[in-house]
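Visitor: The chain contents come next:
2 protein chains.
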Amino acid sequence: MDDIIKIGNRQIISNFISRIYTKKPLFLCVIGNTDTAKIPGISAAGANPNITDYTPAADVEYLHYGECRCIDGVPITPEGIPTPGLITKAAIELTNIPFMVGVGGIHIIPQTPYIYFGGTPGENISNGYAVKNPEIIFKNAMIFGKNLSKMVDYLVIGESIAGGTTTALGVLLSMGYDAKDRISSSLSINPIKKKLKAIDAGMNKSKVCIGDFKDHPFKAIEYFGDPMQPAHAGIIIGAATSIPVILAGGTQMSAILAIINAINPQVLKNIAIGTTSWIIKDKNTDLKGIVEQINPDIPILAANFNFSNMKPQGLQSYEKGVVKEGVGAGGITIASILSSKGKITIEKIQKKLEKDYEALNELYALSFWYG
Amino acid sequence: MDDIIKIGNRQIISNFISRIYTKKPLFLCVIGNTDTAKIPGISAAGANPNITDYTPAADVEYLHYGECRCIDGVPITPEGIPTPGLITKAAIELTNIPFMVGVGGIHIIPQTPYIYFGGTPGENISNGYAVKNPEIIFKNAMIFGKNLSKMVDYLVIGESIAGGTTTALGVLLSMGYDAKDRISSSLSINPIKKKLKAIDAGMNKSKVCIGDFKDHPFKAIEYFGDPMQPAHAGIIIGAATSIPVILAGGTQMSAILAIINAINPQVLKNIAIGTTSWIIKDKNTDLKGIVEQINPDIPILAANFNFSNMKPQGLQSYEKGVVKEGVGAGGITIASILSSKGKITIEKIQKKLEKDYEALNELYALSFWYG
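Chains as they are written, first to last, in this note's numbering: chain A, 1377 to 1747; chain B, 1377 to 1747.
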């Protein structure tokens, strides 16, 4: 099955896959906002910094309706490359996978049903404070995750939050992980200096040093994280106590793993990361290098996309390293392949994606976006 | 199985039961507030009219934690009789049934995870207007219900909303059903005159006559309903298109049936009402008489409780016709019995309830409440 790249211990990966093969998942997309995304040049999840607030709501609206309601068009990078939510939508539609939206804390409310855990939008971490009451969000989410584990065979849980790789790095550094040169970006050229500057500023203001929050995951979120994280970690711990969970995302998921590892490391045996080949192949990203510091046994699976021959240029550009991952695109693609016994393939998803993109293009004249 | 009273066509009931027997349900409790509950003497879902706003949130907190967070103690009637949520909690705990909270529109937010569909609290129907944007709430709920139908074998859906029998009557009358002398009440002496006075006042102000909204279910909700109703109806239509659904409640569920019948009557074949013996045996309630006007084929099942020999007086009082139903108590009891192949019985649930009540009594000195 060349559609899925496997990184890690072969036996563990094989066991994990056999537990979910042909089984029925639920896809959950947890969204949030952090004002960190409004630092100019730090996020490509939106055509400009101010519109990044709309990206998560727009992403899950697209999953529900095939179009967004809180914005015209679909979320795009400053270059006009569309959201990976298009991949997610293609996969869940082809495989008829049920899905839900979880809200960590958000400025722009999606016009969809959603699950709420009591959180508020995150602040700019460079100001020295990030998320109110992460433990309340976490506990509510954990209850919900526990209930989900009684309903489905396994869970695939993704995210949409602009600025999320910066807050992931903030959490990882404050917990003492060597992640500085390993974190990914939605931009093709990683604005790592801007990210570190924001984290440094926050550390200076809150008088926290690297590693201070090693055993204090909620403090790490409170000062350097975002509101998606405690919701994500809570659902996962609630569910992974009894069923397998795929953390669907890029390096943001390593911060979630670090949080989980500090709260309930036992559940890690039920967890794999599901991501994209763009994350794995990016020379400036080292997801494996972060995960190994947390627990080397955690499998990393990657959907082996190849957009080189995609007709629309907006999709071809993914091969240049823009966007890379988001809205659980990699993980849900893997789940589609495995739950359909391989009937759904990367090729089928890519074909559908091309069609969906063309339909959107007619609707919104996407071509304008990368003019 | 004398634990379940069966009313309706024997063959249809037998078919419905065989479809859910030994199967795995989800219990969903949809909560809402309507200012209609604040009309003095109209609702017993709270020790006094002003506190009825807290009842739904407190009910679902109790389901989650075995104690309430937004109030001290648990919701009680003015006489001190505790919420039927105690029955619901006993049933879902004994049978390990997953559960979720849906919010139609509410003043007091529960300290639990919940699913939100975009609604706001309901107004007092005597003022001539009740619920904003019922169709938006309905559509969001329908999407969610459809996703749930891919995850579980069947759904049990209850409610907690003080004032709900009055808004149910408002909807039924505006849709032209003969329900005036058939609707139930949480009070042992039904304040039917007060209910009709509120509905009359609303009809006068909005210049609507009985039956005007026969084919306009969203108008019926908008002018005479409550925000629980469109969420409830939406989830049911979304789910019952493909899986069985038990509407867990008393005469409020007949208003939901009327709404569903006007939107998508095809799904009624997948629906049964699950209620309590107190509703069935009450001489002033005629659930069957309302349901038959909508569709005579809809099975009515009732959990055959008998609290006469319960040690705590607060529970014994249920036999006097106070409370009768709520928080899905009857329907989830039926689901517990059927999904456990009869291992869980009414007797077992009642025994657990007695224990739970005694634990609460120690915690909160419930005895004060009916002093």
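Hint data in this document are derived by calculation from the structure and do not stem from the laboratory.
Don't take every hint at face value.
If chains are identical, the list can't say which one is meant, so a pair holds when it fits in one copy or spans any two.
[Unchecked claim] In silico DSS-like pairs for lysine-lysine, Cα to Cα no more than 30 angstroms straight-line:
| id | residue 1 | residue 2 |
| --- | --- | --- |
| 1 | Lys1573 | Lys1595 |
| 2 | Lys1657 | Lys1515 |
| 3 | Lys1664 | Lys1522 |
| 4 | Lys1515 | Lys1400 |
Every value quoted in this text rests on a predicted model; they were computed, and no experiment measured them.
Visitor: State for each hint whether it applies.
Guide: Okay, the hints, checked on the actual structure:
Within a single copy, Lys1573 and Lys1595 get their C-alpha atoms as close as 20 angstroms, which meets the 30 angstroms cut-off; across copies the closest is 55 angstroms, which misses it. In this assembly of identical chains, the alpha carbons of Lys1657 and Lys1515 never lie at most 30 angstroms apart, being 36 angstroms within a copy and 42 angstroms across copies at closest. In this homomeric assembly, Lys1664 and Lys1522 come within 30 angstroms of each other (Cα to Cα) only inside a single copy, at 28 angstroms, whereas the closest approach across copies is 37 angstroms. Taking identical chains as interchangeable, the C-alpha atoms of Lys1515 and Lys1400 lie at most 30 angstroms apart whether they share a chain (26 angstroms) or sit on different chains (25 angstroms).
Taken one by one, the earlier hints fail for this structure only at number 2.
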